[in-house]
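Q: Using the hints provided, position chain B relative to the given structure of chain A.
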Amino acid sequence: MTKEPSDTAPRGPFPPEEAMLAEPVPPELDAARTARLRAAWKAPTGWRYWSAVNNTEVGKWYSLTALFFMLCAGVMALIIRLQLAVPENELVSSDRFSQLFTLHGSAMMFLFAVPMFEAISILILPGMLGARDMPFPRLSAFGYWCFLIGGVFVIGSILFDAAPTSGWFMYPPLATQAEGPGSDIWLLGLSFIEVASIAAAVELIVGTLKCRPPGMRVNLMPLYAWYVMVVGGMILFAFPPLIAGDFLFELERSFDWPFFDPTRGGDPMLWQHLFWIFGHPEVYIIFLPSIAIAAMIIPTAARRPIVGYSWIVLSAVGTGFLSFGLWVHHMFTTGLPNISLGFFSAASEAVVIPTGVQLFAFLATLMAGRVKMSLPMLWIAGALAIFTTGGLTGLMLAIAPFDFQVHDTYFVVAHLHYTLFGGMIFPVMAGVYYFYPFIAKKLLSERLGRWAFWLIFTGFNVTFLPMHLTGLLGMPRRVYTYPTGLGWDGLNLVSSLAAFVIAAGFAVFVWDLVRPKGGQPLAPRNPWDAGTLEWTHDVPEETWGVRSIPHVTSRYPLWDDPALLARIDAGRYYLPDAETGRRETLITSVIDAEPMQIQRVTGPSWIPHVAAGFTGGAFIFPTFHLYWPAILCGICAVSAILWWLWRDTARPPAPEDEMRDAGLGLRLPTYAAGPSSAGWWAMWITMFGDATAFSSVIFGFFFYWTAQPDFPPPGAAHADGTGTALAALAFAAAWGLARAAQRLNRGGRREPARLALGAGAVAAAAGIGGLLLAVAPLSPSSHVYPAILCAIAVWIIAHAGLGIVMLLYCLAGSLAGKLTPRHDADLQNVMLFWHFLAASALVACAVLGLAPGLMTGGAP
Amino acid sequence: MTALACAALPWLAGCAGRQSALAPAGEDAAALHTLFIVMLAGAVVLFVLMNGLFFYLTRINPVALPLRHARLLMAVGGILFPTIVVGTLLVWGLSLLPDQRRPGDGLRLHVTGEQWWWRVEYQPADGGPPVVSPNEIRLPAGQRAELALTSSHVIHSLWIPALGGKMDMFPGRETVMSLRPTEPGSYRGQCAEFCGASHAWMAFEAVVMEPAAFEAWLAAEARDARAPATPEARRGADIFAREGCGACHAVRGTDAQGSLGPDLTHVGSRQSLGAGRLGTGLEDFATWIAHVDALKPEVEMPAYDHLSEPERRALAAYLKGLE
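Residue numbers (the numbering used here), protein chains in the order written: chain A, 1 to 860; chain B, 1001 to 1323.
So here's chain A without its partners, still in its complex pose (with noise of 0.2 Å):
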């Protein structure tokens, strides 16, 4: 194995020195270096417009949509306000009324709360990190078309009175038994988005990785970025065991797989725990980048850096473990045992400690600092008022006894609005009045924003703060009427009164949002005077990003640097030019974010929107039990993202191309493999979300094992072990084919390398042939046992299938060229996903192979 060859390692002076960065910009050379790069970067016009995919344009849509997603959701919640405003009211049938709160919970969580983080963090990000652009913007564009068109399908299943009626837990078995398309809406629909959301997450971790500005070490980051990896890696780990359920649900829906039917040996219990292993996970992926938020504004209000940085980091990274050892606390009355109780409200408290450390590190840069009050920081003292009241109200909550009481009352439907009116909306709003300059160019209404502020925290606590007592009083949660004479009577009236002027409030907010702006001045270009690098931005906008990459040597560079801003404008930094015409971005190291690649980055297309209508089909057919017309979209999505990686992605560059100049004396390289590549994290952080649903399947078998008496049940068939046995051997031989592959081809023996690749997915299809053999003794609609083990064999299937296509892609791109010895990334990612196949289908040969054996005590 020779090393990577050094005439492409990164050469030339880093860091650069004082002399370098002094010396002026010919004038003359500028102007054209400024043209090439804004020729590079300009945006499409008319109605190729929607086929943009720079961060800006895409995070714009991404938030408004969002956003108009939270009003729809509203609405929904007016309408509940209204009918609950007197008892025994028959404004909305008790259907009508379920669909409703389902919806609203639904949207907000899957179609506000979680895109709207990431529609802001592509927006801000990579104005934060000095970089030109996400590392994919492509698949940012995806991201964002699937999740418009899944949220528009899921909320406007309402409009033809199809929405779901389950709640958004979607306990079964109540959501199993459901009739009509309600259901497959919600899971369907919105494991589409988690799929989006997922993909976006890896996008937002591998930037903060890999696109930092040179110098930016990771203890110089800002803040918001390291509450983006916390974050992304959250919903890495969150999300997938939800999908993982979502699967086994729509296995039980579509072919009666009977996971959680207590009839057939299913478990209703296994559905919440991995719900809720999502679900805790999912507050604190909610909460987290608001607080994020915060820890941009409030340095900037108190004119000083942020007091207690690494306390902050370690803060944020601790209440991102514990949220996953906290979800039992949503299920304090199933009957679960004393001592599961008392261990989940420990660590439930213990949250506390992480999250005050972050308040407090707020409270202790302010008083440091000289503060200076500002229309954002008006949100934040809101923000603060609200959050600790829901949080004084989760301490209590976290002790079971207490929760025995209140639990599924409105006192929860209080503490949940609290925590996240407090803990998101309140500092998003900071948010959007702090960055509208950076993203605008134009500055928001003071005025409007303090009516909207005043009515939105007046209506907020008029409408919630009683339900505390609405719920003491004994009033459950989700009930669609109530009788007179219980004491609600008045306590939801004002509720519903107050609950109108929070809309107003918005109707205030969005009007200042969308309301013509042409005739106001432009922003001035820090408007706050803060110290960070997204504050560097063009006024009047240019669709560069930043105009030169800067060197970073401080966590406020603004402050810190008087020279920065003029020398990034003379472009006297990094990239200060587009001499092939292409967009390009800066890839660096992920500790040191030492200069490693030049990184071509793609520009616009149609063929996201293509790849997201085609991926839509084949989650939303489905839903009406089309399977052929979803097998069809799934086949024509995967092309669709095939032809886009063949034509776009790691493509070796021209020989005279490999090394080219990035500005102040350094020559970097434009192609890159394995670890030093971005493509290489993407793949492997996505893996790792894969590996958990995986996990999440498995834990299922067990889960069944230990809960269930009959588990498997007496006479019950099993897998069959030679097929097993064929699949464990056939899918160990192509990973060491796909290996073999992948040295022949390093070592430039292309012919054997091509043959191996060919061999694998040979070997691969052996795989699944074995594994369709062992589960052909299975009935899986019969129990549980046989559903659990074909759902298992079904999931390595479906990954098999893309590990072989994954190596008919590298066959085909060693034959055509764009596979060399040295040019290999597709390789070396497909690579990284045969690592983990392998040993996910060595777990499941092992688990129909051997468990039988184990639990029956003998021969299976």
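In short, the hints are calculated from the structure, not lab data.
Check each hint, because a few of them may be wrong.
Cβ-to-Cβ under 7 Å is the rule here; a few derived chain B residues that face chain A [what the hints assert, rightly or not]:
hint, residue
1, L1032
2, G1093
3, Q1100
4, A1197
Using N, Cα and C, we set each Cβ at its ideal position, and we do this for glycine too.
A: Below, chain B alone, put in the same frame as chain A:
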């Protein structure tokens, strides 16, 4: 404002209804009520401290204070203080747990959640056959009763706020809760886990009785139904038989032996109709029979709106007479 309203809360509890956790009538609810009041007081103090500090630092005294003090604030406010508060709260709060979950020492009941009503079976102490009496839970005061819970279709949750916390009811699994009521009286309980279209109307009366009165009631409840006493009620019994009501409902001592719906043997002596949906006047019976589908969305019982007004009245008279 938040703090002010919170402080007013215990005072407001005076207006609490029959389904209130703030008006405890049992040992478990009383312990949780005390826990709540103390936590509330603590929460108000913490809220004022935290937000007062923010207000002070941003509005009253927005100058730069020494960094040393700021770091101290972070360590004390972020770690030391919450650790003490949370530690204390956990020790006290969790110490209540064993009591809340203590096994019963008296009456045993078996409650099954149905769509949308409660099948209740009392297990007599002498080991005799269970006494069936749906949609009402009667408990003797001063004993810790043990309720074994399950469900027929979907997940429900049994909750009597005045007596104690709730417990979920699962199909295919049994959960157990225990309650020790202390104050005789009539309270309202309700299903707390969303269970479908008529979740809002899945309630019941929880009646706490003096032990002697309870024993007498249970003995009466175990007896067969009394025969209709008036001509109108006899006509009602005929209609009951003619319409096939007995296919779903049991009236012990008659041919009606159905078990899909609630047992009606002593429906006339219950305190509510349709699982807490209506009162128990003659009018209520007649309305229920004719409009059950409107009163309880998606209920399995069909509406008998084809019966004439006199027929409905006769049927109501018969049922009302089943005391």
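Q: Compare the structure with each hint and give your call.
A: Against the structure, the hints:
1. Checking L1032(B) against chain A: minimum C-beta separation of about 5 Å stays under 7 Å; hint holds.
2. The interface hint given for G1093(B) is met, as the beta carbon of that residue sits about 3 Å from the closest beta carbon of chain A, less than 7 Å.
3. Because the beta carbon of Q1100(B) sits about 5 Å from the nearest beta carbon in chain A, less than 7 Å, this interface hint is met.
4. Annotation: A1197(B) was flagged as interfacial toward chain A, and the flag holds, the nearest CB pair being 5 Å apart, inside 7 Å.
Hint violations for this structure: none, all hints satisfied.
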